[in-house]
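Asks: The sequence shown begins at 1 in our numbering and counts up by one.
Please keep in mind that the hints were generated in silico from the structure rather than gathered at the bench. Treat the hints with caution; some may be incorrect.
As the list claims (entries may be wrong) - Quick list of the computed label-pair ranges, beta carbon to beta carbon:
| hint | residue 1 | residue 2 | range |
| --- | --- | --- | --- |
| 1 | Ala-22 | Ser-222 | 36 to 44 angstroms |
| 2 | His-239 | Glu-42 | 46 to 54 angstroms |
| 3 | Glu-63 | Gln-176 | 17 to 25 angstroms |
| 4 | Pro-177 | Gly-80 | 36 to 44 angstroms |
Please read these numbers as outputs of a predicted model, since none were measured by experiment. Glycine is no exception: its CB is placed at the ideal position from the N, C-alpha and C atoms.
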Amino acid sequence: MRRLTLFFLLSVIPFSQRAMAAILTVYNLNNTAIADYANIYEAYNNAADGDTILLYPSDLSYEANLVVTKRLFLIGGGYGSQPLLPATRLCGTITFQAGADGASVESFGGRFNIAINGANHILVSRNHINTIVIENSYNALLTGNLIDGNSGSDGYVLVLNGNCLVEGSNNLLRPQPYSCGYSSTCYYGAVHMRGSSVLHMDNSIFISEGQITIYAEGGSASGKNNLMFGAFRGEVDFHHSIQTNPWMYDGKLDTTTISKNNQIIPNISVVHSDFAANIFTLKPGSPKSP
Numbered sequence: 001m002r003r004l005t006l007f008f009l010l011s012v013i014p015f016s017q018r019a020m021a022a023i024l025t026v027y028n029l030n031n032t033a034i035a036d037y038a039n040i041y042e043a044y045n046n047a048a049d050g051d052t053i054l055l056y057p058s059d060l061s062y063e064a065n066l067v068v069t070k071r072l073f074l075i076g077g078g079y080g081s082q083p084l085l086p087a088t089r090l091c092g093t094i095t096f097q098a099g100a101d102g103a104s105v106e107s108f109g110g111r112f113n114i115a116i117n118g119a120n121h122i123l124v125s126r127n128h129i130n131t132i133v134i135e136n137s138y139n140a141l142l143t144g145n146l147i148d149g150n151s152g153s154d155g156y157v158l159v160l161n162g163n164c165l166v167e168g169s170n171n172l173l174r175p176q177p178y179s180c181g182y183s184s185t186c187y188y189g190a191v192h193m194r195g196s197s198v199l200h201m202d203n204s205i206f207i208s209e210g211q212i213t214i215y216a217e218g219g220s221a222s223g224k225n226n227l228m229f230g231a232f233r234g235e236v237d238f239h240h241s242i243q244t245n246p247w248m249y250d251g252k253l254d255t256t257t258i259s260k261n262n263q264i265i266p267n268i269s270v271v272h273s274d275f276a277a278n279i280f281t282l283k284p285g286s287p288k289s290p
């Protein structure tokens with residue numbers, strides 16, 4: 001494999017991992033002088049358990065309808081473009097299945113999809129994602145992701161089915177609007193849980209305008225230090241958080257799902273500097289959680 005010359009990319013991979021396994025590089029502008037492969041599929045076919053597949057930033061999106069059944073570390077150069085450095089964007093769905101325990105996907109943009117089905121200890125970090133669907137998987141960790149899809153599974157951008165254990169922190173979940181007839185605008189929900197799944201999320205923002213934000217149809221959701229716009233349904237227990245627009249069916253607030261340690265305020269604009277423009281900086285003097 002070619003040695004990497006870009007220090008900022010090499011530095012995101014732990015030294016112990018680099019020393020023990022191969023790093024396969026991918027660049028989709030057909031410049032084989034700087035990378036091992038021109039697409040992720042060739043790299044995947046030649047990778048072994050424990051290897052890293054490193055995709056260089058590119059002006060073109062990488063096609064990535066990939067089923068992962070190996071413990072691989074998929075790493076990009078970030079989901080936001082920088083001066084003279086484009087993002088590493090994926091299109092399609094990355095699916096982790098049995099055999100991929102301990103794998104990761106980190107630092108990609110493009111609003112792609114992630115599915116985790118029967119794979120445990122999957123890390124999803126610092127990505128711009130359309131939707132995530134997790135089924136019968138344990139110890140998935142979601143950190144620092146922007147999840148703002150517009151075509152979520154059954155209307156939600158994060159879905160947990162069956163028996164799942166998922167933890168997360170520092171994520172922003174904001175479903176996009178869609179047309180629902182008669183010139184109306186509707187919104188998808190943020191989280192939908194079925195079966196006996198457990199979700200714990202801290203230091204994150206959940207937004208769903210006019211829709212249930214977290215629907216624990218089965219299982220339970222909990223967390224602390226979150227900002228939440230919208231309603232809960234089911235076994236939802238968030239502590240020391242701020243909630244706005246706590247709407248429920250028929251305009252009623254289901255207080256059994258709201259932790260008494262939360263602060264409820266009537267309008268999210270009281271909290272954020274410019275909510276409509278996706279600026280989520282807290283205003284000076286905004287409400288503080290208890």
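Asks: Now tell me, hint by hint, if it's right for this structure.
Replies: Going down the list of hints, with the structure as the test:
Taking 36 to 44 angstroms as the suggested C-beta distance range, the pair Ala-22 and Ser-222 conforms, at roughly 40 angstroms. Evaluation of the 46 to 54 angstroms hint for His-239 and Glu-42 yields a pass: the beta carbon distance comes to about 48 angstroms. Checked against the hint of 17 to 25 angstroms, the pair Glu-63 and Gln-176 passes, with Cβ atoms roughly 22 angstroms apart. At about 22 angstroms, the beta-carbon gap between Pro-177 and Gly-80 misses the expected band of 36 to 44 angstroms.
Checked against the numbered hints above, the structure breaks only hint 4 and satisfies the rest.
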